[in-house]
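**Student:** Sequence:
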Amino acid sequence: MSLKSNPLRTAIALAIAGSCTAPAFAQDANQSTTTLDRIEITGSRIRQANVETAQPVIALTRAEIEKKGYVNVADILQDVTAAGAPSLSRASALSSGRDYGGMFVSLRNLGPERTLVLIDGRRMGVSAGGYSDVGSIPSAIVERIEVLTDGASALYGSDAIAGVINVITRKNFDGGNASAYVGQYGEGDGQKRSYSANFGKTFERGWFSVGAEKSKEDPVLGGARAFTAYPNGPYHPADGLNGTTAWGSVTVGKDVLSVGPGGDPSKVENFKPRDPATYANTKTNMTLLSSLERKSAFANAGFQITDDLRVVADVLYSERESIKQLAGYPYSVSAAQAANGSRAALSADSAFNHWGKDVLFSHRTEEFPRATNNSLTTKRASLGLEGSFETGSHLWDWNVSYMYNRNEGERRTLQSMYQPNVNLAVGPSFIDGNGVARCGSVGNVIEGCVPWNPLAPMGSNSPGSLSGDPAVRDYLFKSFVDDIRSTTKVVSANISGSLFTLPAGDIMAAMGVEHRTEEASYTPDLMVQKGEIAGTSGLPTRGDYKLDEVYLELQVPLLADLPMVRELSLDLAGRYSDYDNFGGTTNGKFGLKWKPVDTLLVRATYGTGFRAPTVDDLYGGTVTTRDRITDPCDRSFGAAARNSEVAARCTAAGMGADFRQKTGDGELATTSGVQAVTDFTSGSNAALKPETAKTWTVGLVYSPDFVTGLDLSLDWWKIRIDNVIVGESATDILNQCYVQGIASACDRFTRYASGTNKGQVSGMNRSLNNAGYQETAGYDLGVRYRLPEMAFGQLSLRWNTTYVDYLSRKSDNVDTTPVEQFTGWEGNFRVRSNLTLDWQNGNFGASWTTRYTSSMKEKCSYDLEGGPECNLPDFQSPYTDMQPSRKLGSNTFHDLQVRYALPWDGTVSLGVNNVFKHEGPIMYSQPNSSFTYYGGFDIGRFMYMKYQQRF
149 MSLKSNPLRT AIALAIAGSC TAPAFAQDAN QSTTTLDRIE ITGSRIRQAN VETAQPVIAL
209 TRAEIEKKGY VNVADILQDV TAAGAPSLSR ASALSSGRDY GGMFVSLRNL GPERTLVLID
269 GRRMGVSAGG YSDVGSIPSA IVERIEVLTD GASALYGSDA IAGVINVITR KNFDGGNASA
329 YVGQYGEGDG QKRSYSANFG KTFERGWFSV GAEKSKEDPV LGGARAFTAY PNGPYHPADG
389 LNGTTAWGSV TVGKDVLSVG PGGDPSKVEN FKPRDPATYA NTKTNMTLLS SLERKSAFAN
449 AGFQITDDLR VVADVLYSER ESIKQLAGYP YSVSAAQAAN GSRAALSADS AFNHWGKDVL
509 FSHRTEEFPR ATNNSLTTKR ASLGLEGSFE TGSHLWDWNV SYMYNRNEGE RRTLQSMYQP
569 NVNLAVGPSF IDGNGVARCG SVGNVIEGCV PWNPLAPMGS NSPGSLSGDP AVRDYLFKSF
629 VDDIRSTTKV VSANISGSLF TLPAGDIMAA MGVEHRTEEA SYTPDLMVQK GEIAGTSGLP
689 TRGDYKLDEV YLELQVPLLA DLPMVRELSL DLAGRYSDYD NFGGTTNGKF GLKWKPVDTL
749 LVRATYGTGF RAPTVDDLYG GTVTTRDRIT DPCDRSFGAA ARNSEVAARC TAAGMGADFR
809 QKTGDGELAT TSGVQAVTDF TSGSNAALKP ETAKTWTVGL VYSPDFVTGL DLSLDWWKIR
869 IDNVIVGESA TDILNQCYVQ GIASACDRFT RYASGTNKGQ VSGMNRSLNN AGYQETAGYD
929 LGVRYRLPEM AFGQLSLRWN TTYVDYLSRK SDNVDTTPVE QFTGWEGNFR VRSNLTLDWQ
989 NGNFGASWTT RYTSSMKEKC SYDLEGGPEC NLPDFQSPYT DMQPSRKLGS NTFHDLQVRY
1049 ALPWDGTVSL GVNNVFKHEG PIMYSQPNSS FTYYGGFDIG RFMYMKYQQR F
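Residue numbers for the sequence shown follow our numbering, beginning at 149 and rising by one.
Calculated from the structure, these hints are not laboratory results.
Some clues are possibly wrong.
[Unchecked claim] Calculated lysine-lysine pairs in the BS3-like style (CA-CA distance at most 25 Å, straight line):
{"no.": "1", "residue 1": "K415", "residue 2": "K402"}
{"no.": "2", "residue 1": "K866", "residue 2": "K958"}
{"no.": "3", "residue 1": "K362", "residue 2": "K443"}
{"no.": "4", "residue 1": "K443", "residue 2": "K215"}
{"no.": "5", "residue 1": "K637", "residue 2": "K694"}
{"no.": "6", "residue 1": "K866", "residue 2": "K842"}
[Claimed, not checked] Beta-carbon label-pair distances, calculated as ranges:
{"no.": "7", "residue 1": "A801", "residue 2": "G679", "range": "27 to 37 Å"}
{"no.": "8", "residue 1": "V661", "residue 2": "K837", "range": "20 to 30 Å"}
{"no.": "9", "residue 1": "G679", "residue 2": "G324", "range": "53 to 63 Å"}
{"no.": "10", "residue 1": "G410", "residue 2": "E1013", "range": "37 to 47 Å"}
Predicted, not measured: the structure shown is a model, and the values here were computed from it.
Each residue gets a CB set at the ideal place from its N, CA and C atoms; glycine is no exception.
All chains should be built: construct the whole structure from the sequences, respecting the hints.
**Tutor:** Quick look at the structure:
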């Protein structure tokens, strides 16, 4: 097929296909026509020579990727401005999600479960939660990455609501490449090492290529950075400290007593009222960046059976291990727990009890901080036949394939307290004639039991202390292992080609069928199932579903080669999906492409989409977590402090003018967003229905012929999702009840009716449900400019910007319910912009990248009447009501890389990410993090060196 050359087509071809080892096009220097191979561009199933599509596609080439100081595919994709805040960031140590440790991409901030990931056009496979771990793909085998920033359910099925990421692997090349990468932060921590190699070989009737990668990233603790060293940030180091400490405490009457650091617990007179100055800082030993180690290998091959028939296959194997560390477990015994026997009080007959009666106690096991090791093994393979044939002058391509993906994960939790042993260890005990503490009584020793003195402070060598007696640790602590598995199987058949010819060109078609099964299971450790691990519970779950799908895509040329209509074509697609658990759904897509002149392309799309509930959504079971909440009825930090309507609702519900929220250790809150006094329930819902979506895009691509090398694109987009599957936060549910006045939300939680915690939230169901809608809209701007080569070298520029007009959510379908706005709040940036300037002169090269994010707002935690930390004290909106808020400035990070090509076909690169060591602002809302710092920002100046050898 031959097409006339023009600047726009050449620009798009270079952007999308120019990185291929096997050229996607060839042009004779004396010809004005370009002969193009047929390729499949993400966003269409039709193999075609014309790379100009109605869908907006971002292409990241191999050359561009190598100029970044990143070690995995996930980091590369996180730099795409259409990507939202990192889901389950490595700074979210308190996250209990089963997918923790993976690396996921959330296009448009709609969640990674709404972004479909493909490898060479085929589904990658997902976890039970619907997440694709893009970090498991070895970057060494990546040829290019295409990001479709438009919904595509009509072409690819479920999950493609926010967009599609298609990782195109290297294939059909000769030679090899090996590289080594090492870097660390300026503080001397967080070292990263990565080693990779790939090799490819072609022969007369086929090819094969292999690649492998090993990387290791060391942890960084919260105490290693000033901005994360304290629970409430560096400006308030004494706030947010926890009263459950490693020094131990005992409740005698109304007094909470402790011997404090270095105290002697053997004498009752050493017990004094607990000193707030000795409270626990839980951030010091918590991982700000969890450690991460990966090993992965990938291979693909193709063999030409005949000229028109070939077999292709690929295999991916990946191992991932991530370790996060938390402060020691805050073990405490309440009166209710002692009464119901779930946790034993310190027995009156304990050798360590000076008060002659059972007493309540607490002790944070800081002697042995908690750690969780999340490991995952991924095995993926696909096998296919593909070929081509002609019917008259019309060429057709076809393929059939099978894909299998298996995820096998383990969550190993260390330093967990084994409740049956803890109850025995704080029971009756005595000191024998040799000064050894023993369980039971003289003449009635409990064999195998080791007494524990929870009142002995960390560092004490007294009998029964955790620090001084290894036998105590061995008796109290257990490790447990949860088993997590998921399997995806896909059988598909596709065909595409030319149906017939119209005056404006060929009508192209693609059609196909697909059968897919998804299954997953979660099997917690038997100790967890029995409720024998303190603070942890869970039951085994399993679920699966299957579906059959059929789709059709048409490209219809309407007009061509007319004044102001160089090309006008229509794209149509439809897909029917039949699920065995909730029935059928049909989704369509319409696209329009118009070229008034050769240098300008105008494009528009409209589509419908859906997302089926994941196995985890439907069958994942429930878990209990201790959430951080802001009770709107709190008269110091809640909405009731400044809004009479909210105050009236709270008073009517029993929380009067003197109501104060308590923290997890029973003290009055000194700020907003503190840990609740009890655990809440969250989890799956077997009655969930699919989400439905509508997507719109309108855009243009312009390559002016009067500025050689300049390509411009601008796209408007909008996505609306109905019946959104949501698991709201505890604060969201409380606000819906008291701030927004949604009566149904008030039935989702309970409060204590009496006792010391009267009025505090006593329970809440945060299980998933279909509710209301979510909608977002905005603009993407792209600029690429390759200047003419000059005496000092070649300069090129790439600038991508995403502007989010709004990201909103309505929590139900009641007309009077306010629509919540998220854009500009916490990690939802209104503007993300990346500018890269690249210079090349002979063997020398350098790149400078500027990463910009716009300002953020959050609810005030201090200076509620106005001040340095609350510059919007009178902020009011329909979705927050009166809420003192603070606006934080924009943030800009700069990266530099210099490189030199060596004579023996090697390249050495030196780089610095965050050259000026910029720090983001302190954020008390802890967005995408377990610290007062946004989880997507750099945590220091990172320096690296990379060597690459080609052969």
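**Student:** With reference to the structure, classify each hint as holding or not holding.
**Tutor:** Results for each hint:
1. Restraint check for K415 and K402: satisfied, since their Cα atoms lie roughly 20 Å apart, inside the 25 Å limit.
2. Restraint check for K866 and K958: satisfied, since their Cα atoms lie roughly 16 Å apart, inside the 25 Å limit.
3. In summary, the hint linking K362 to K443 is supported, as the alpha carbons are separated by about 5 Å, within the 25 Å threshold.
4. About 23 Å separates the Cα atoms of K443 and K215, which keeps this hinted pair within 25 Å; it holds.
5. Distance check on the hinted pair: K637 and K694 sit about 9 Å apart at the alpha-carbon level, within 25 Å; holds.
6. This hinted pair checks out: K866 and K842 have alpha carbons roughly 8 Å apart, not beyond 25 Å.
7. Remark: the range hint 27 to 37 Å for A801 to G679 is upheld by a beta-carbon distance near 32 Å.
8. The hinted window of 20 to 30 Å between V661 and K837 holds, with their beta carbons roughly 25 Å apart.
9. G679 and G324 have their C-beta atoms about 55 Å apart, which keeps the hinted 53 to 63 Å range intact.
10. The given range of 37 to 47 Å is respected by G410 and E1013, whose C-beta atoms sit roughly 41 Å from each other.
Of the numbered hints stated above, none is contradicted by the structure.
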